[in-house]
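Could you put together the complete structure from these sequences and hints?
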Amino acid sequence: MTDLIASAAARATASDAASGAKLRAAGLAAAGLLVFLLVWEVVPRLGLFNPLMLPGPSAIPAAFWSELKSGAWGSAVGSSLGHYTIGLTLGALLGVVFGVATGMSRLAEQATAWIVRVLRPIPGLAWVPFAIIWFGVNRTAAVFIIAIGVFWIVFFAAHGAVRSVERDLIEVADAFGFRRWHERLLKILLPAALPGILVGLRTALGQAWMAVVAAEIFGVPGLGQRMMQASSLLATELVVVYMLTMAALYGLLDSAFVALQNWLLRWKA
Amino acid sequence: MESVIDIRGLSLAFERDGHRTFVLDSLDLSIERGAFIAIVGASGVGKSTLLRVLIGLAKASAGEVTLSTHSGKRQPLALVFQDARLLPWRRVVDNVSFGLEGGGLSRAERRAKALDALGIVGLVDLADRWPHQLSGGQRQRVALARALAVEPEVLLMDEPFSALDAITREGLQDELVRIWRLTGKTILFVTHDIEEAIYLADRVVVLAGAPGRLAADHLIDTPRPRTRSADGSADVVASVRRHLGAEKLIDGAAI
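Keeping their order, the protein sequence lines are chains W and X. For the first sequence, my numbering begins at 1 and goes up steadily by one. For the second sequence, my numbering begins at 1001 and goes up steadily by one.
Read the hints as simulated data drawn from the structure, not as lab findings. All the given hints hold, so there is nothing to weed out.
Dumping the calculated DMTMM-like pairs for lysine to aspartate or glutamate here, alpha-carbon to alpha-carbon at most 20 Å:
#: 1; chain 1: W; residue 1: 268; chain 2: X; residue 2: 1128
#: 2; chain 1: X; residue 1: 1113; chain 2: X; residue 2: 1101
#: 3; chain 1: W; residue 1: 268; chain 2: X; residue 2: 1094
#: 4; chain 1: X; residue 1: 1059; chain 2: W; residue 2: 174
#: 5; chain 1: X; residue 1: 1113; chain 2: X; residue 2: 1094
#: 6; chain 1: X; residue 1: 1113; chain 2: X; residue 2: 1128
Here it is in structure tokens:
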């Protein structure tokens, strides 16, 4: 009995210690952020830096509020998320299709080997000239740039994931008479490759966000374009508003994706 | 007795570095309907390969296999692998209904059949678990249920209990005998464990040599339920041991 109580007490202390450590870590992180904001606020105020070139954090909420009220913030966010979503979906779909096809078929892999070798090293942004020539400075061009970057990441992730599906599992499908390619694909290859494909998609999520901003800096309407306008007017507090907006949106998208990923892979140990 | 599988002159060779290596050499074997047959042999003798040929995972180089099945089923045979090979992304019940997909059954019908099969192996309660939540013995029972669910005429088992601890293994052996008597299936059970073969089977077929040939064929008529002592079959054990241990001396040809 005393043993029981003692061990319960020990457990309680252990869990107290664990939650105490967590609390301390959170406290330290908050303190660090506070110091950062303080330094940021003090530097322009002390005249160490021209406040016009670096607005203090206290100037940000008001700038955000007026931008929100004017509707400019909402339409910029809507526009960016629009071509982000379309480009991401397009690139991811094509990447999965071609990655799975070349992962399943040696023939497809060999036939595309040199095409891949030539096109793959071209940075996504090197497509900007053609994007503008073909589509002009508009949403289609942005979608194109985003989709290309996403395509390669997802393509290689899907290809590798399908290639490394255990032979043993494919034999299970064979042993139960599922030998046609689409049966193998749907019953074994896709579910078994899903974890690898999702890792690629998560990387692509971040890559696509960078491509969004890049395309908009070239003039496609959205967060990046609005940020560039603000910068040309030296409305630096607005530039900061949009930088923080990008960080917040990406953080939100990434967290939502991780939640989806955890749900889809809930079968994993 | 009527045979459900007839194997005549079955040979299998792999091409390796330009020359052929035989794994099985002109094997003849008849499997009677409803029998529990154990195939014993050292590793590498081609006993697993035989099952792989029967289920269609490997192609014979020569010889023929005749199936005399009644049901006209898409899948008259089902295989239980040495490792359970459950699909980790499917819940237990969906693993068991795997082989029923594409058979024109509704989702509810498949689930009902899968639950029946899980009932036979005593795991209905775990139907909605994920495979990673099961023990090794439970996983192998789910694999057995997956094979039973397609209602095969012949159950092929490839050393299904060899990776389990002794206690779990003995429990599953007794369960398998119970299921065999309950369902009347023909069972072809590959093992390297002589005691296991003699405890389970009506007939013990010994493969020996390289390439594998039929070295001995014993009927085990010890009445069931059996004890594990194998006292009544001491002569069989001795004979099988002789074939397995001394296969080089007798050149794999003694029957």
